[in-house]
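Per UniProt numbering, residue 1 is the first one in the sequence shown, and the count goes up by one each step.
Be careful, since some hints might not be right.
Derived CB-CB ranges, DEER-like [said to hold, decoys possible]: (1) Pro473 x Glu109: 45 to 51 Å; (2) Leu281 x Val146: 38 to 44 Å; (3) Lys440 x Asp404: 19 to 25 Å; (4) Thr261 x Ile471: 21 to 27 Å; (5) Ile465 x Met161: 35 to 41 Å; (6) Ile471 x Tyr361: 16 to 22 Å; (7) Ile126 x Ser41: 34 to 40 Å; (8) Arg401 x Val120: 44 to 50 Å; (9) Pro445 x Glu90: 45 to 51 Å; (10) Ser210 x Gly458: 49 to 55 Å; (11) Arg132 x Leu504: 21 to 27 Å; (12) Gly458 x Thr261: 36 to 42 Å; (13) Val120 x Val474: 22 to 28 Å.
DSBU-like cross-link-like pairs, simulated, lysine-lysine; straight-line CA separation at most 30 Å [to be verified]: (14) Lys440 x Lys190; (15) Lys107 x Lys494; (16) Lys422 x Lys485.
By construction, these hints were calculated from the structure, which means they are not laboratory data. Values in this document were obtained by computation on a predicted structure and should not be read as measured data. Don't be surprised by glycine CBs; every beta carbon is placed ideally from N, CA and C.
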Amino acid sequence: MSIIQLPLQSHPSKFNGISKHPFAYNAGKPKKLFSPKAVSSRTQRIMESISVGGEVGGAGGAYSYEALKRLDNVWSSICSIDQTAEDDIEQATTSVFNPNRCGFETKGEIWVSNILNLGVSPAKLIDIMRDRFTSLGGVIFENCSVSSINVYQDIAVLQLMEGKILSASLIIDAMGNFSPILKQIRGGRKPDGVCQLIVGSCCRGFKENSSSDVIFSSAEAKPVGRSEAQYFWAAFPAGSGPLDRTTYMFTYVEPKPSSPTIEELLEDYWDLMPKYQDVSLDDLEVLRVIYGIFPTYRDSPLPAAFDRILQFGDASGIQSPISFGGFGSLTRHLGRLSNGIHEAISGNLLDSDNLSLLNPYMPNLSASLLFQRAMSVRKQAGVSPDFINDLLYANLMTMQRLGDPVLRPFLQDVIQFGPLVKALGLVMLTKPQIIPSTFKQVGFPVLIDWLGHFASLGSYTFLSIFIDPLIRPVVDTFSTEMKYKWNRQLEAWKYGSGLDYKLLNHEEVITESISNIRQ
Numbered sequence: 001m002s003i004i005q006l007p008l009q010s011h012p013s014k015f016n017g018i019s020k021h022p023f024a025y026n027a028g029k030p031k032k033l034f035s036p037k038a039v040s041s042r043t044q045r046i047m048e049s050i051s052v053g054g055e056v057g058g059a060g061g062a063y064s065y066e067a068l069k070r071l072d073n074v075w076s077s078i079c080s081i082d083q084t085a086e087d088d089i090e091q092a093t094t095s096v097f098n099p100n101r102c103g104f105e106t107k108g109e110i111w112v113s114n115i116l117n118l119g120v121s122p123a124k125l126i127d128i129m130r131d132r133f134t135s136l137g138g139v140i141f142e143n144c145s146v147s148s149i150n151v152y153q154d155i156a157v158l159q160l161m162e163g164k165i166l167s168a169s170l171i172i173d174a175m176g177n178f179s180p181i182l183k184q185i186r187g188g189r190k191p192d193g194v195c196q197l198i199v200g201s202c203c204r205g206f207k208e209n210s211s212s213d214v215i216f217s218s219a220e221a222k223p224v225g226r227s228e229a230q231y232f233w234a235a236f237p238a239g240s241g242p243l244d245r246t247t248y249m250f251t252y253v254e255p256k257p258s259s260p261t262i263e264e265l266l267e268d269y270w271d272l273m274p275k276y277q278d279v280s281l282d283d284l285e286v287l288r289v290i291y292g293i294f295p296t297y298r299d300s301p302l303p304a305a306f307d308r309i310l311q312f313g314d315a316s317g318i319q320s321p322i323s324f325g326g327f328g329s330l331t332r333h334l335g336r337l338s339n340g341i342h343e344a345i346s347g348n349l350l351d352s353d354n355l356s357l358l359n360p361y362m363p364n365l366s367a368s369l370l371f372q373r374a375m376s377v378r379k380q381a382g383v384s385p386d387f388i389n390d391l392l393y394a395n396l397m398t399m400q401r402l403g404d405p406v407l408r409p410f411l412q413d414v415i416q417f418g419p420l421v422k423a424l425g426l427v428m429l430t431k432p433q434i435i436p437s438t439f440k441q442v443g444f445p446v447l448i449d450w451l452g453h454f455a456s457l458g459s460y461t462f463l464s465i466f467i468d469p470l471i472r473p474v475v476d477t478f479s480t481e482m483k484y485k486w487n488r489q490l491e492a493w494k495y496g497s498g499l500d501y502k503l504l505n506h507e508e509v510i511t512e513s514i515s516n517i518r519q
């Protein structure tokens, strides 16, 4: 576990001022700001000749020439940030591949471009972010284990297994779905569903390796152990080499004692993957075996349960119920969360009520639970084994017919009211025969619950389009706390309705990525 030390304000003598960290270390010796052999500038000579002492006028500045150079370095970084961000993207991107396939059994295929088509190296991305963090004064403590967290009125204190302590104004829990803090909050409650039970591998030896599968189903639902599952596939070229390819097999399930185990899925994976990719397993070198669980809860995103502790990313339940979690599901929220956390810390608005506003109810995420249910095999539903493939293919074909403004947001994991109404309406008109089976598959209680989220999705869309422009111009005139709360409410309307999504071309995607990195 890594712990990030944040700059702290002093706190009462109970903790003896700002906590000291005897095991902190410097990343390296400070570099000299100028060569001793370099010709001194006039500014340097003047500043070095100034005697320190007394009080003089003038706002800003300092006596030290080194302080001037430090500020100049900061200014240079600000001026070059666009180029730096673009270079960072290019450095972390290891592969680009098009086109990308969505297909279902023998029913047909849809090919799209520039959706899930970039291979990003996590190691390079982490190195870039680490360097940026430390350059701004951040300190990283690695290989540290936390035994307990105590929250006080003005500070949070982490007790480390090594007997040391760290104190902070705010603790960000980014430990994922199985965070110990999250387990304490949920009290061992069983998930309402599993977004994906997933297995896969990265193998070397694929001669055809230029395109990807966003989602592909090669067969109808089948028995697995004591249960049944509908398998889906995804495949992408890997950045580790031109013949390296990552393939995933995943399914949506309800957590029950009879649910398939991960090992049972892997046994099926080794049997089915060669046929799916038209290769022989004997011709492949297995570089890595992949497996994971992505649980989902109806009450997500998760409100803050404690003062000064905020769940972040998968730990907050912000991922879609129908897609992968992790960094990819978080990227569209980075700007919103960065700004909100900055406001919360600056205004000392770190109680659980104010922190909960950073993880608000989002009807577009809650509405996705219906789609997860529709993609899960339920024996008691009594539908045909190929129903799930029929339903998904009918919906994707309808979306393709309605064009990119409907298809692309859905494939990029964003549910919007307008596109959803158009797609569902056209499916009901063109494929009315699947409606009775859909009701049987999802069940009426789930459908009634979904209708509430669907209505909220429409309300959030209206509020974001028509009410937001009336309120936003006057938000800056409010008090600090009221401004913070209204900013979070406006963001909830925007992100909860999916209106943060922009239909971009390739160049605009790069610009948007640079903006996210800057934030």
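Now the hints, each set against the structure:
In this structure, proline 473 and glutamate 109 meet the distance hint of 45 to 51 Å, their C-beta atoms being roughly 48 Å apart. Between leucine 281 and valine 146 the beta carbon distance is about 42 Å. The supplied range of 38 to 44 Å therefore holds. For lysine 440 and aspartate 404, the Cβ-Cβ distance of about 32 Å falls outside the hinted range of 19 to 25 Å, so the restraint is violated. Hint check: threonine 261 to isoleucine 471, Cβ distance near 51 Å, so the stated range 21 to 27 Å is violated.
Here the CB-CB span from isoleucine 465 to methionine 161 is close to 51 Å, at odds with the stated 35 to 41 Å. Checked against the given bound of 16 to 22 Å, the beta carbons of isoleucine 471 and tyrosine 361, roughly 19 Å apart, stay inside it. For isoleucine 126 paired with serine 41, a C-beta distance near 38 Å keeps the hint of 34 to 40 Å intact. At about 32 Å, the beta-carbon gap between arginine 401 and valine 120 misses the expected band of 44 to 50 Å.
For the pair proline 445 and glutamate 90, the beta carbons lie near 50 Å from each other, so the given range of 45 to 51 Å is met. Checking the proposed 49 to 55 Å range against serine 210 and glycine 458 shows it is violated: the Cβ atoms sit about 41 Å from each other. Range check, arginine 132 to leucine 504: about 24 Å between beta-carbon atoms, so the 21 to 27 Å window is met. Judged by the Cβ atoms, the range 36 to 42 Å given for glycine 458 and threonine 261 holds: they are separated by roughly 41 Å.
Separation of valine 120 from valine 474 is about 40 Å and departs from the stated range, judged on CB atoms against 22 to 28 Å. Distance check on the hinted pair: lysine 440 and lysine 190 sit about 24 Å apart at the alpha-carbon level, within 30 Å; holds. Simply put, lysine 107 and lysine 494 have alpha-carbon atoms about 36 Å apart, too far for the 30 Å limit, and the pair is violated. With a CA separation close to 33 Å, the supplied pair lysine 422 and lysine 485 exceeds the 30 Å bound.
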